[in-house]
Amino acid sequence: MAQIFAYIEHKDGVADDSALELVSAAKKIDAGADVNALVVGSGVDGLCNDMAASYKEVWKIDKDDVAYPNAEIIRGMLLNILPGDAIVLFPHDTFGMDLSPGLSVKMDSPFASDVVDFEGTDGSDLKMIRQEFGGQVSTHVKADISSGAVITVRPGVFEPDESKSAGGSVVDKTGDAGDVATKRKFLEVVVAEIGDVDITKSEVLVSIGRGIEEEDNIEIAQELAEAMGADVSCSRPIVDAKWLEKSRQVGTSGQTVKPKVYMAMGISGSFQHLGGIKGNPYIIAVNKNPKAPIFQVADIGVVADILEFMPELTEKIKEAS
Amino acid sequence: MEILVCVKRVPDTEENEIEINSDGNDIERDDLVYSVNEWDNYAVEEAIQMVDKAGGSVTVVTVGDEEAEEVLRREMAMGAENGILLDDEAFEGSDGRGIARALKGVIEKGNYDLIMTGAQADAGAAQVGGMLAAMLDLPYASLVNSIEVIDDKKLKVGREIEGGNQEMNEIELPCVLSIQTGINEPRYVGIRGIRKVASVDIPTHSASDLGIGADEIGEGAARLKKVDYFVPESGEGAEMLEGSTEEIAEKMIEILKAKGGLK
Ligand SMILES: Cc1cc2nc3c(=O)[nH]c(=O)nc-3n(C[C@H](O)[C@H](O)[C@H](O)COP(=O)(O)OP(=O)(O)OC[C@H]3O[C@@H](n4cnc5c(N)ncnc54)[C@H](O)[C@@H]3O)c2cc1C
Ligand SMILES: Nc1ncnc2c1ncn2[C@@H]1O[C@H](COP(=O)(O)O)[C@@H](O)[C@H]1O
Numbered sequence: 029m030a031q032i033f034a035y036i037e038h039k040d041g042v043a044d045d046s047a048l049e050l051v052s053a054a055k056k057i058d059a060g061a062d063v064n065a066l067v068v069g070s071g072v073d074g075l076c077n078d079m080a081a082s083y084k085e086v087w088k089i090d091k092d093d094v095a096y097p098n099a100e101i102i103r104g105m106l107l108n109i110l111p112g113d114a115i116v117l118f119p120h121d122t123f124g125m126d127l128s129p130g131l132s133v134k135m136d137s138p139f140a141s142d143v144v145d146f147e148g149t150d151g152s153d154l155k156m157i158r159q160e161f162g163g164q165v166s167t168h169v170k171a172d173i174s175s176g177a178v179i180t181v182r183p184g185v186f187e188p189d190e191s192k193s194a195g196g197s198v199v200d201k202t203g204d205a206g207d208v209a210t211k212r213k214f215l216e217v218v219v220a221e222i223g224d225v226d227i228t229k230s231e232v233l234v235s236i237g238r239g240i241e242e243e244d245n246i247e248i249a250q251e252l253a254e255a256m257g258a259d260v261s262c263s264r265p266i267v268d269a270k271w272l273e274k275s276r277q278v279g280t281s282g283q284t285v286k287p288k289v290y291m292a293m294g295i296s297g298s299f300q301h302l303g304g305i306k307g308n309p310y311i312i313a314v315n316k317n318p319k320a321p322i323f324q325v326a327d328i329g330v331v332a333d334i335l336e337f338m339p340e341l342t343e344k345i346k347e348a349s
Numbered sequence: 227m228e229i230l231v232c233v234k235r236v237p238d239t240e241e242n243e244i245e246i247n248s249d250g251n252d253i254e255r256d257d258l259v260y261s262v263n264e265w266d267n268y269a270v271e272e273a274i275q276m277v278d279k280a281g282g283s284v285t286v287v288t289v290g291d292e293e294a295e296e297v298l299r300r301e302m303a304m305g306a307e308n309g310i311l312l313d314d315e316a317f318e319g320s321d322g323r324g325i326a327r328a329l330k331g332v333i334e335k336g337n338y339d340l341i342m343t344g345a346q347a348d349a350g351a352a353q354v355g356g357m358l359a360a361m362l363d364l365p366y367a368s369l370v371n372s373i374e375v376i377d378d379k380k381l382k383v384g385r386e387i388e389g390g391n392q393e394m395n396e397i398e399l400p401c402v403l404s405i406q407t408g409i410n411e412p413r414y415v416g417i418r419g420i421r422k423v424a425s426v427d428i429p430t431h432s433a434s435d436l437g438i439g440a441d442e443i444g445e446g447a448a449r450l451k452k453v454d455y456f457v458p459e460s461g462e463g464a465e466m467l468e469g470s471t472e473e474i475a476e477k478m479i480e481i482l483k484a485k486g487g488l489k
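Each protein sequence line maps, in turn, to chains F and Z. The opening residue of the first sequence carries number 29 in the working numbering; numbering runs sequentially from there. The opening residue of the second sequence carries number 227 in the working numbering; numbering runs sequentially from there.
Some hints here could point you the wrong way.
Cross-link-like lysine to aspartate or glutamate pairs, in silico, EDC-like; alpha carbons within 16 Å at most [said to hold, decoys possible]:
1. F:Lys211 with Z:Asp363
2. F:Lys213 with Z:Glu374
3. Z:Lys452 with F:Glu251
4. Z:Lys489 with F:Glu251
FYI, nobody ran anything at the bench for these hints, they're computed from the structure.
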């Protein structure tokens with residue numbers, strides 16, 4: 029099989045969690061494959077040395093113009109260095125989504141995004157699992173990878189490979205990567221504002237999703253939270269609708285929370301939402317759809333209309349105290 | 227500014243429980259309620275607001291069958307001036323690349339300053355925008371959650387990145403942007419608005435109209451092939467509480483007390 033390359037995301041000299049998850053993902057594609065890392069940035073020697081413990085070869089591009097990871101520039105550089113039949117893995121996050129579909133076109137390779145598992149090969153076909161409809165159904169997909177592939181892998185689904193037994197070496201590809209002109213110039217990162225409550229510190233969260241249906245119903249959740257001594261958080265559509273402020277959004281593009289108890293009320297359980305729940309809280313899910321994916325990760329589930337259930341629970345809590 | 231927005235007709239997950247059909251090769255499509263992909267609706271709203279300020283027009287395009295016309299009309303009722311339907315059996319079974327190839331065909335026939343897609347559609351692929359940009363050799367930015375026109379050659383766009391932070395970029399026109407939800411508040415369209423555009427002509431193109439070869443689109447050309455649909459064995463899953471609402475609430479209070487969920 030061709031060589032597998034894993035793109036290493038990093039910030040402030042530290043590799044993203046996905047860096048070691050992709051080792052496991054690559055081994056699941058082909059246990060015997062040589063797995064190499066791609067490290068792009070400015071001043072990345074330390075990181076490259078760390079990665080050499082886990083990858084056979086660490087291909088380094090060390091240049092000022094990629095001090096911030098501008099996907100448009102990095103795509104061009106990767107095209108200059110990657111073998112045409114490389115199997116290239118990225119995490120399925122905002123950088124991977126930005127860079128990889130275009131890379132697959134330019135490499136003329138098949139593309140599979142947000143892959144949650146690999147099921148080996150059948151001839152030259154790689155068998156993979158994806159999800160559709162926010163995780164409500166799964167699909168087996170396959171692609172002929174004999175001429176390479178670009179694949180984004182869902183963060184958090186593969187256990188990080190901590191074996192650090194690759195004994196690899198660092199190869200400097202900066203020269204070959206060349207200078208890439210860009211029509212998209214990075215300016216700055218604007219950091220998210222902090223709101224009136226810091227849900228990252230909350231021990232108990234009553235979290236509402238699209239199941240709350242209307243802005244006026246948010247009160248119902250607030251009353252429950254008050255009775256419980258909890259804070260209110262939410263999924264993204266509630267923030268998109270401007271019903272609650274952004275600082276209350278749980279998920280990859282919102283806050284990462286670590287409560288003891290998380291009440292998911294009318295939330296389907298998309299991976300981007302679950303990605304913001306850490307520390308293994310006790311999850312209670314209430315959803316009117318018995319097949320909602322949230323029930324796969326929750327400890328306790330109730331099939332009910334939250335607009336009826338929450339007031340009832342609030343009443344009972346008040347009675348009990 | 228001439229803006230093209232790519233829209234897709236998708237099953238509305240708010241209105242439907244998605245189930246697999248008896249052959250396991252698709253979801254059960256009978257009795258599904260369809261709507262426009264959530265992300266695309268934000269893209270159309272953004273395009274309309276830009277044109278309101280800077281002049282020009284918005285065109286919406288979809289690759290789909292005749293039923294997909296309803297989403298074009300819906301978006302035209304919002305304020306898109308033109309709709310284009312790419313309808314051809316040859317497109318059926320296309321993967322993301324096939325869809326992007328079809329859209330490229332229509333883009334090359336027009337003269338657009340800006341092309342928008344949604345960040346992702348029903349299959350959560352998040353691929354068509356980036357593929358399209360690469361095929362057209364245009365600059366691309368994904369997950370865009372703010373757009374400011376600098377002049378007729380440049381935009382300042384914000385990309386939503388992890389943690390809700392925003393990555394600001396300057397991007398040259400023409401370009402392709404994939405739009406993230408929350409960038410605006412899409413206007414409401416009622417039945418009446420849709421009726422108003424009911425008789426507007428929507429041109430339909432086939433693959434050959436666009437000079438697209440049969441080997442570039444459809445199931446045969448798909449590089450990513452769907453084998454089947456299934457529902458995963460859900461590990462342990464949640465313990466489901468059953469009984470009357472009252473009983474469930476009481477049980478839940480016990481659990482909350484035990485787990486430190488009540489103060
Ligand atoms: C790059 C990117 C980043 C993202 N980041 C985030 C993020 O940080 N956080 C986030 O949450 N999402 C994020 N998303 C969006 C994510 O993909 C989902 O669209 C979102 O999480 C869905 O929110 P939801 O569960 O509230 O809504 P839905 O998926 O629509 O689910 C609503 C649920 O409520 C149930 N329901 C409806 N009415 C009732 C009722 N009356 N009673 C009980 N149940 C009811 C339904 O059965 C359904 O399961 C991101 C997406 C992208 C592309
Ligand atoms: N059949 C289609 N017709 C028109 N645009 C589409 C189609 N499929 C996908 N798109 C566009 O591509 C975006 C991303 O979809 P996807 O890559 O399928 O997740 C969508 O939000 C649409 O803007």
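To see whether the hints hold, each was checked on the structure:
For the hint linking Lys211 (chain F) to Asp363 (chain Z), the alpha-carbon distance of about 11 Å falls within 16 Å, and the restraint holds. Distance check on the hinted pair: Lys213 (chain F) and Glu374 (chain Z) sit about 15 Å apart at the alpha-carbon level, within 16 Å; holds. Simply put, Lys452 (chain Z) and Glu251 (chain F) have alpha-carbon atoms about 46 Å apart, too far for the 16 Å limit, and the pair is violated. Taking the CA atoms of Lys489 (chain Z) and Glu251 (chain F), the gap is about 14 Å. The hint holds against a cut of 16 Å.
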